[in-house]
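Based on the sequences and whatever the hints tell you, model everything.
Chains P and E, in that order, give the protein sequences. Everything in the first sequence is counted per full-length UniProt numbering, starting at 1 for the first residue and increasing by one. Everything in the second sequence is counted per full-length UniProt numbering, starting at 1 for the first residue and increasing by one.
Keep in mind that the hints were calculated from the coordinates and are not lab data. Everything hinted at is true.
Listed below are the simulated EDC-like cross-link pairs for lysine to aspartate or glutamate, each with C-alpha atoms no more than 16 Å apart in a straight line:
# : chain 1 : residue 1 : chain 2 : residue 2
1 : P       : Lys152    : E       : Glu296
2 : P       : Lys221    : E       : Glu235
3 : E       : Lys390    : E       : Asp400
4 : E       : Lys209    : E       : Glu274
On a predicted model such as this, the values are computed, not experimentally measured, just so you know.
Read off the chains here:
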Amino acid sequence: MKILVIEDNIELLKDIKNFLEEQGNICEIATDYKSAFMKAVIFPYDILVVDITLPDGTGLDIIKEVKKENIDVGIIIISAKNAIGDKVNGLEIGADDYLTKPFYMAELNARIKALYRRKAYKGSKEIIFNEIKIRPDNHEVFINDRLMNLTKKEFDILHFFVANRNRLLTKEAIAEHLWGDHIEMADSFNFIYTHLANLRKKITKFGGRDYIKSIYSVGYKFSD
Amino acid sequence: MNLVTKTNKYYLIFFIFLFPLMVAADYFLIQYVVNKEVDDILKHESERISFNLKENETFPSSNYIFSTTPVTEDFPVSNKYRDTLIYEAYADKLMPYRMYEFTALIDAQKMKISLKHVLLDMNELIVWLFVTTTLVILLLVTGLFFINQGIYRWAWKPFFENLSKLTNYDITKKNPVNLETSNISEFKELNRIVTALMNQVKKDFQNLKEFNENISHEIQTPLAIIRNKMVLLLESQDLKEKELHWVQAVYQEANKLSKIGKSLTLISRIENQEFTRLDSVDISVIVDNIIGNMEEMIAFKNLEITVKLNPVKVKCDQILANILFTNLIKNAVQHNLEGGYIEILLNEEKFEIVNTGKISEIETEQLFKRFQRGNKETESLGLGLAINQKICEMYGFLLDYSLQSGKHKLSLYFNN
Numbered sequence: 001m002k003i004l005v006i007e008d009n010i011e012l013l014k015d016i017k018n019f020l021e022e023q024g025n026i027c028e029i030a031t032d033y034k035s036a037f038m039k040a041v042i043f044p045y046d047i048l049v050v051d052i053t054l055p056d057g058t059g060l061d062i063i064k065e066v067k068k069e070n071i072d073v074g075i076i077i078i079s080a081k082n083a084i085g086d087k088v089n090g091l092e093i094g095a096d097d098y099l100t101k102p103f104y105m106a107e108l109n110a111r112i113k114a115l116y117r118r119k120a121y122k123g124s125k126e127i128i129f130n131e132i133k134i135r136p137d138n139h140e141v142f143i144n145d146r147l148m149n150l151t152k153k154e155f156d157i158l159h160f161f162v163a164n165r166n167r168l169l170t171k172e173a174i175a176e177h178l179w180g181d182h183i184e185m186a187d188s189f190n191f192i193y194t195h196l197a198n199l200r201k202k203i204t205k206f207g208g209r210d211y212i213k214s215i216y217s218v219g220y221k222f223s224d
Numbered sequence: 001m002n003l004v005t006k007t008n009k010y011y012l013i014f015f016i017f018l019f020p021l022m023v024a025a026d027y028f029l030i031q032y033v034v035n036k037e038v039d040d041i042l043k044h045e046s047e048r049i050s051f052n053l054k055e056n057e058t059f060p061s062s063n064y065i066f067s068t069t070p071v072t073e074d075f076p077v078s079n080k081y082r083d084t085l086i087y088e089a090y091a092d093k094l095m096p097y098r099m100y101e102f103t104a105l106i107d108a109q110k111m112k113i114s115l116k117h118v119l120l121d122m123n124e125l126i127v128w129l130f131v132t133t134t135l136v137i138l139l140l141v142t143g144l145f146f147i148n149q150g151i152y153r154w155a156w157k158p159f160f161e162n163l164s165k166l167t168n169y170d171i172t173k174k175n176p177v178n179l180e181t182s183n184i185s186e187f188k189e190l191n192r193i194v195t196a197l198m199n200q201v202k203k204d205f206q207n208l209k210e211f212n213e214n215i216s217h218e219i220q221t222p223l224a225i226i227r228n229k230m231v232l233l234l235e236s237q238d239l240k241e242k243e244l245h246w247v248q249a250v251y252q253e254a255n256k257l258s259k260i261g262k263s264l265t266l267i268s269r270i271e272n273q274e275f276t277r278l279d280s281v282d283i284s285v286i287v288d289n290i291i292g293n294m295e296e297m298i299a300f301k302n303l304e305i306t307v308k309l310n311p312v313k314v315k316c317d318q319i320l321a322n323i324l325f326t327n328l329i330k331n332a333v334q335h336n337l338e339g340g341y342i343e344i345l346l347n348e349e350k351f352e353i354v355n356t357g358k359i360s361e362i363e364t365e366q367l368f369k370r371f372q373r374g375n376k377e378t379e380s381l382g383l384g385l386a387i388n389q390k391i392c393e394m395y396g397f398l399l400d401y402s403l404q405s406g407k408h409k410l411s412l413y414f415n416n
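Written out as structure tokens, the structure is:
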């Protein structure tokens, strides 16, 4: 898919661009309001990733303009402001999702994919990875076409892994994905470990391969 | 002691000291004046007698004569005043008299003539002086008391109004204080200084607040970059064991920093009253969701959980309510013992959570301050309870912690 990332911090912009391109997307960038506005209106994108605070304007205005022009595009706000007000405003004027800085790349990636799926396929598309098939909207997972019973958290982890295949997912990123922002759980890494153990057991029982690899002690990677 | 009582007290002390002084001064003054007058009368009388003797060579009649005594030629007495007591038969008592003695020639015989004049009864004088002085002082005291009361009520009125306005002043609220004006120059000066002081404090507070906010959100983008680079480094896979630990440590600390920043931002946003929505929030639904979300953690720790929820609607911000109850329930899970239990109760009056757990080392009051942790070995930041406290302050909820036979009990009373 084609993504425009609007962000005034060059380093962060580079990170996002690299990450998204490695996922096989076409990623264009803009660092200020003017060029962002030009690109967003002229070229067709699937997803806009918009930072609220820009040197010469606000990302909210870009969203308003895009909506005024009736451009069909998924919009994700990224903001350091952590203001619930901003979030509500952003979602009210037509943004689809909101991420607070600092976010995990894997989280941004998962959100972009989910949004794209909702937009382009109206959510009906299945995610397929070798013998694993995921139907996100029904919370269903099939291994070799056999429906596998998973708990909600197990499903979330698997979905998150498949969306970020071949990438290192740190335990912190997984914990935040599962339990949200405001939870600081000392034990959460243990829970992740337990969930993964159960998930592995279930997948192998259904004849699937174990794709989850532990990377050092910092996290996990889902890959062939 | 307030101003008027204090002033009255000093007036009273002053009059108590003044009273004997006034009585004594009056006493001696009156005595002096009366004696002088009597002396003048006696002197005048003696001169009249002397004159008559010399010119008419007769001894005049006089009411003042006490005695005439012949004396020898060299008798030294001349022109002497003295006080004495003379028995008066008609009153049957001794009475004070002033005496004046002089010598004169009567029929060529030198005579000592004593004149007398009755004096005031001093005891009576003192009594009357006492009575009148007391009366005067009482009048003064009551007069001053009422004048004082009046001044206190009218002239100090703007002062007291300003005082109550300043008492209710809250620096976090935006509404300014309008001080009462007064035509008394001291109060004008006070108003001027207080206003200047308030403006300064407000400015400083504002600066500090903005600084805090800016810091806590300006660090977020650099932190995001640090984290991303660390993940890239970890993904590069050719790290030595030692380097891996370093990178991991940087990654974890950056995470911690980011969480601190987010929590502090949240606290300052609550303080800034940025959560103005008053949704009618069903607490039982929220609590139920949170418990559902933590189900696996609860199962993982083998916790026995009993939940008694009655539907309770509270007017507050949905997001804050979620944060508040998540924190409370999360704490009960996190600080619990393996195989312990949690008891949750919700009704119209309160939300109550009782759980087993390690005994906290810090005092209850400390517990709600920032960066305080019950036991130091856990990874938590200690900001959760401070956030809870802020949310509760905002909605007037009362948060109460107690330790009952080794069980932690947190009660949250809704404001009704």
